[in-house]
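Visitor: Here is how the chains run, residue by residue.
2 protein chains.
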Amino acid sequence: MAEFSKVAVIGGGVIGGGWVARFLLNGLDVTLYDPDDTALSKVNRIIANAERAYDDLLDVDRPKIGVLNLTSDIREAVENSDFIQENVPENFELKKKILAEIDQHAPENTLICSSTSGLLPTELQADLKHPERFLVGHPFNPVYLLPLVEICGGDLTSEDKKNAAADFYRDIGMKPLILKKEIDAFIADRLLEAYWREALWLVKDGIATVEEIDDAIRYGAGLRWAMMGTFQVYRIAGGDAGMRHFLSQFGPSLKWPWTKLMDVPELDDGLIGRITEQSDEQAGDLSIQELEKIRDNGLVRILKSLQRIDWGAGETLSDYEAKLKSNAPKSQLDYSRPLLLHRTKIKSDWIDYNGHMTEHRYLQVFGETTDKLLDIIGMTDSYVKSGFSIYTLETHIRHLQEGKRGEEIYVTTHLLGLDSKRFRVLHVITREQDSSVLATAEQMLMSVNITENKACEFGEVLSENLTEIWDYHQKLPIPDFAGAGIKSLQTS
Amino acid sequence: MAEFSKVAVIGGGVIGGGWVARFLLNGLDVTLYDPDDTALSKVNRIIANAERAYDDLLDVDRPKIGVLNLTSDIREAVENSDFIQENVPENFELKKKILAEIDQHAPENTLICSSTSGLLPTELQADLKHPERFLVGHPFNPVYLLPLVEICGGDLTSEDKKNAAADFYRDIGMKPLILKKEIDAFIADRLLEAYWREALWLVKDGIATVEEIDDAIRYGAGLRWAMMGTFQVYRIAGGDAGMRHFLSQFGPSLKWPWTKLMDVPELDDGLIGRITEQSDEQAGDLSIQELEKIRDNGLVRILKSLQRIDWGAGETLSDYEAKLKSNAPKSQLDYSRPLLLHRTKIKSDWIDYNGHMTEHRYLQVFGETTDKLLDIIGMTDSYVKSGFSIYTLETHIRHLQEGKRGEEIYVTTHLLGLDSKRFRVLHVITREQDSSVLATAEQMLMSVNITENKACEFGEVLSENLTEIWDYHQKLPIPDFAGAGIKSLQTS
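Sequences listed follow chains G and C, in order.
Taking the numbering used here, I'd label the letters of the first sequence as residues 1 to 492.
Taking the numbering used here, I'd label the letters of the second sequence as residues 1 to 492.
Hints are supplied without guarantee of correctness; some may be wrong.
With a Cα cut of at most 20 angstroms, we get these calculated EDC-like pairs of lysine to aspartate or glutamate [what the hints assert, rightly or not]:
1. C:K372 <-> G:D59
2. G:K454 <-> C:D352
3. C:K260 <-> G:E182
4. G:K372 <-> G:E321
5. G:K64 <-> C:E408
6. G:K6 <-> G:D73
7. G:K204 <-> C:D268
8. C:K345 <-> G:D55
9. G:K330 <-> C:D61
10. G:K323 <-> C:D29
11. C:K204 <-> G:D184
12. G:K255 <-> C:E123
13. G:K421 <-> C:E402
14. C:K255 <-> G:D184
15. C:K181 <-> G:D205
16. C:K345 <-> C:E432
17. C:K347 <-> C:E290
18. G:K487 <-> C:E457
19. G:K325 <-> C:D61
20. G:K260 <-> C:E182
21. G:K293 <-> C:E315
22. C:K96 <-> C:E123
23. C:K293 <-> G:D55
24. G:K96 <-> G:E79
25. C:K260 <-> G:D268
26. C:K347 <-> G:D59
27. C:K325 <-> G:D167
28. G:K204 <-> C:D280
29. G:K330 <-> C:D59
30. C:K129 <-> C:E101
31. C:K204 <-> G:D268
32. C:K96 <-> C:E108
33. G:K180 <-> C:E211
34. C:K345 <-> G:D59
A few chain G residues that don't get close to chain C, going by computed Cβ distances all over 10 angstroms [stated by the list, open to error]:
35. L68
36. K95
37. T122
38. L156
Derived from the structure by calculation, the hints contain no laboratory data.
Here a beta-carbon is modelled for each residue, glycine too, at the ideal position from N, C-alpha and C.
Whole structure, please, built from the sequences with the hints as guidance.
Guide: In C-alpha cells form, the structure reads like this:
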C-alpha cells in the first residue's frame, strides 16, 4: 500500500515495539534492531496486544501480517531499508551515536524518523552525511492505537521528506501533525509536561494522591479531551457571547495562584485576537449549538464505552443506573395478558442509513426483553454459575413499521408454549405514541447444561415460575402468524 | 431518592443551567434564581440537550422530570430549599455578596454549595452566619454528563456536610472527589490551568494554532485521559521495570525547557518514593499486562465511538478503513454457488454473559452481509438519495452452535427467490476453523419507495443484477429448513 515497504525499527522498547506492531499489522515486513536478548519476547507481547485490539477495532479485512526479523547489528537492520524508525532512550549523546551509524549504513534516500519526545531535530541531524532525510516522527503510547504522530523537521530537513513521512503515517492509519516551527518537546509534550509538573507539585505538597489526581481528570476534563482540545471546549463554554468575550474573562485568573507555574504570557488584545480568529477558523461552519450536540453525542458514547469495560466513568454510570433501577416503582405484572416487560426509547446509535432503527437493534430490544423474562422466572447469576443457562434456538422477526430516533417503545411477551426443556414466546414491540406495532419476534428457547453443552430440564424454580405464567397464557388466543415460516416467492 | 428534594440553583449560565438539567432529570424540582430575562430560554436549551443525551445514555427508566420555577428574587429561591447550588460569575466580591444573601434567607440547615472553579471556601464562608453548611461542589461542563464534582470545604465547614453533599451528588450520577486540603483551583483546574498557560505560550510564540494544539491532544494523549490519568498511563508505559525506575528517568527532563513553566519541584528520592507507593496502591491487584488490556479495550471502544459520530480520531479510523478496503484484493464472486460475501472475527463487544456471541450480533453480521449484497447489486447512496431503498420484512434465525471471541467466521448467501419487488435469501454463518455452521438466517427483503412509504419494483440496475444471480441460484438445491416456521411445543 505505502510508498515504503522495507521498514527498519531501531530499539524495541514500549515505543519501538508499538511501531513494530503497527507496521506488521499493516502488512509491512520489519527488521528490528535491538541488542537486548529479551527484546523479542517483549515485542511479541506488544504485537499480541495489538492484534487483539485490531480484531476488535477494524470492520474491514487487514492485510496479511508482515514478517518480523530481529538483529543485533544496526548495519544489517538498515542497509536494505527504505524507512527507518529510531526509538532508543531519550539521551542526546546516545541518539547522536546511533543515528550516525544508521546514516552511515542506510541507502542515502532512506527516510530516517526519530521517535524522540522532545530533542531538537536540528541538533540530532547536525553531523549526519545526509541530514535532509532525517526528521522527528513522534508517536504516543500505545503506538498501534493512538493516531497522533508529530512530524518535526530540523533546519536541514527537506520538505519533501516531511510530506513523504506524513503520507506514509497516514497510510498506516495515523494522524500526522506537521509542525511549522521547531521547538523542544514539540506541541503535545509541552502541554503534557506543564500538566505533569503541576501534578508533581500536588503530590509533593501533599494536596492529593496520584489516584486522586488521576481521578480529577478521568472523571471530568479527560472525557472531553478524547474528542476536543481545550480551545474548542472553551469556545463551547463561552457560548453565544463568543470566544473573545470568554477569553477576556480569563485575564485576571492568569494572575491568580491557580497553579505553581506562574510564568505566564500576558493575555492582551493581540493574543485574544489571534486566539479568537484561529478558533473561528477551527470551528468552521459549526455553530455553538452544533458543537454542543457533537460534544454530547461523543461524551454519551465514550461513557457507554467505558461502561462496557466496567471502568472509570463507566462504573459511575453503572452505579447510577443500578440506583435508578432500585428507586423505580415496582409494577406488578398482570399474568392474565401478555407481560409488559420492557420499555425504552430508540437511541441515536440504533439508526441506519435509511433514518430508521436498524434491524439488529430490534433483536437487541427483543433480547433485552427475554433477559427480563429470565430474570422474572428466576434465572439468577448463581444459576448460570452453577452450570445452567437458557439459550435461544430460533428467532422469527417480522418488521411492520419503521422506528425512529427518540420514539418510546414497549415490549409485551406472550408465552406460546412450554415443555420441560423449552419454551416458546412471542414478543411484540409497540410504539407508545400511537399504540401501533413496529415488529414482532417469535422465539424458541432451551434450557442448557453448559458443562455438557446439551439440553436439560429447567431447574425447579424456573419450572414453577414458567408454569405459573403458562397457566394464564395458554388461555390467550394465539395470533395467526405465529408458527408460520417465510413464504416462497412466485418467482419471475 | 436523595436526601434533598427542594433544590435551588443560583445563576443560570452554562454551569448553573447544567446543574438545573441534572437535577430536573433526576426528578427533583428546582427553583432557579436569575435576574436575566433570557435565562429561561438559555436554560431550556441546556435541558433539551440533556434530555436528548440521557435518552441515549441510560438503559433504565428515569424518574419523571422535575418542575422548574424561575425567580428574580433570591429570598424566594432559597427560603424553602434544602439544597442550594450557587453559580454566579467568578468574582470574589460578587460571590461574597450573593452568598451572604443566600445565607440570610435559607433555613439554617440547608446545604450551600458553590460551583466556583477555584476561590477558597474558607474565604467565601468567612462572613456567613452559618458557615459550617457552606462548601465548594465544583463540577465540569457539561454538568449533566461529566461525573466529576470536587468537594472542598473551608476551615469552618463541617465534615458531615461534606459527606452529605457527596452522597447527594453520587445519588444523581456523579463522582464526588473530596479534597483533603484546601487549595486555590482545587485539583483538576490546577492541572488544566498549567496546560492552559502552556497552550497560551504556544499561540503567543506562533508555534502552533489553536486547532493544531487541540489536535495534538485529541488524537493522542486525550484519548487516554478519558480512561486513565497521567500517573496510571506512565505506570503502564514504565512496564515491568516499575514506577520507581520509570520516574527516575524523568529527573533530567524536568530541567529541560520542555515547557515555559519552569518552576518545578525536585524529583528526589522522597517524591519518587511517595509517587511509587501511591501508584502501587492505585493499581491494586492489576498487573501491567492487565492494565494494558484494559487500556486497549477502552481505547478501541472510544475510537469506535468517535467513528460513529464521524469526529476526530474516529474520522482517522474511517479514512484508514476506507484505505484498507480499497487496497484489499478484489475477489471474483462465483455465482454458481452461494455467494461468499462477508468475513469477520467475533469481537469482544459481541460476547454475552454466557461467554458466547450474543444473539443480536448474529443479526448484525447477517445485516452486514445483506448490505454487501445490496452493494453488489448496485444499491448506491445515490439510489437511496433518489428516494428508493430496500427494507427487511422478515428474518428467521436458527442458532446451531455458540460463537466465541476471536473466532473467524464467514457468511455465504443463497438467493432463494426473486420477484419484481422482493427477494428472499438464506445467509449461513460458518466458523472458519472447522467449517461448521454457527447460525442461519432466512430473510425476505422488499424494494421500497421511501417517499410514498410503499413497495415498488426494483430499479433497472438492481433488477438486472439480481436476475443474473437468480439465473444461477435457482438451480441450487433448497435446504429443508428453509420456509419452515418455529414449531409448536407439545406442552406439558
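Visitor: Evaluate each hint against the coordinates.
Guide: Right, here's what the structure says about each hint:
1. C:K372 <-> G:D59: holds, 13 angstroms
2. G:K454 <-> C:D352: holds, 18 angstroms
3. C:K260 <-> G:E182: OK: K260 of chain C and E182 of chain G at ~15 angstroms, within 20 angstroms.
4. G:K372 <-> G:E321: holds, 16 angstroms
5. G:K64 <-> C:E408: holds, 14 angstroms
6. G:K6 <-> G:D73: Satisfied, since the Cα-Cα distance of roughly 16 angstroms is no more than 20 angstroms.
7. G:K204 <-> C:D268: holds, 10 angstroms
8. C:K345 <-> G:D55: holds, 7 angstroms
9. G:K330 <-> C:D61: Satisfied, since the Cα-Cα distance of roughly 12 angstroms is no more than 20 angstroms.
10. G:K323 <-> C:D29: Satisfied, since the Cα-Cα distance of roughly 19 angstroms is no more than 20 angstroms.
11. C:K204 <-> G:D184: Judged against 20 angstroms, a Cα distance of about 16 angstroms means the pair holds.
12. G:K255 <-> C:E123: The hint holds at about 18 angstroms.
13. G:K421 <-> C:E402: Distance of about 19 angstroms is within 20 angstroms: holds.
14. C:K255 <-> G:D184: At roughly 12 angstroms apart (the allowed maximum being 20 angstroms), D184 of chain G and K255 of chain C satisfy the hint.
15. C:K181 <-> G:D205: Holds, at about 10 angstroms.
16. C:K345 <-> C:E432: Holds: K345 of chain C and E432 of chain C sit about 10 angstroms apart, inside 20 angstroms.
17. C:K347 <-> C:E290: holds, 18 angstroms
18. G:K487 <-> C:E457: OK: K487 of chain G and E457 of chain C at ~19 angstroms, within 20 angstroms.
19. G:K325 <-> C:D61: Distance of about 7 angstroms is within 20 angstroms: holds.
20. G:K260 <-> C:E182: holds, 15 angstroms
21. G:K293 <-> C:E315: Holds - the C-alpha atoms of E315 of chain C and K293 of chain G are around 17 angstroms apart, at most 20 angstroms.
22. C:K96 <-> C:E123: holds, 9 angstroms
23. C:K293 <-> G:D55: holds, 13 angstroms
24. G:K96 <-> G:E79: The hint holds at about 18 angstroms.
25. C:K260 <-> G:D268: Holds, because 18 angstroms separates the two Cα atoms, which is no more than 20 angstroms.
26. C:K347 <-> G:D59: holds, 10 angstroms
27. C:K325 <-> G:D167: With Cα atoms ~17 angstroms apart, K325 of chain C and D167 of chain G stay inside 20 angstroms; holds.
28. G:K204 <-> C:D280: Holds: K204 of chain G and D280 of chain C sit about 17 angstroms apart, inside 20 angstroms.
29. G:K330 <-> C:D59: holds, 17 angstroms
30. C:K129 <-> C:E101: holds, 10 angstroms
31. C:K204 <-> G:D268: holds, 10 angstroms
32. C:K96 <-> C:E108: At roughly 17 angstroms apart (the allowed maximum being 20 angstroms), E108 of chain C and K96 of chain C satisfy the hint.
33. G:K180 <-> C:E211: Holds, at about 13 angstroms.
34. C:K345 <-> G:D59: holds, 9 angstroms
35. L68: holds, 19 angstroms
36. K95: K95 of chain G clear of chain C: closest Cβ-Cβ about 14 angstroms, beyond 10 angstroms.
37. T122: Correct as stated: the minimum Cβ-Cβ distance to chain C is 15 angstroms, above 10 angstroms.
38. L156: holds, 20 angstroms
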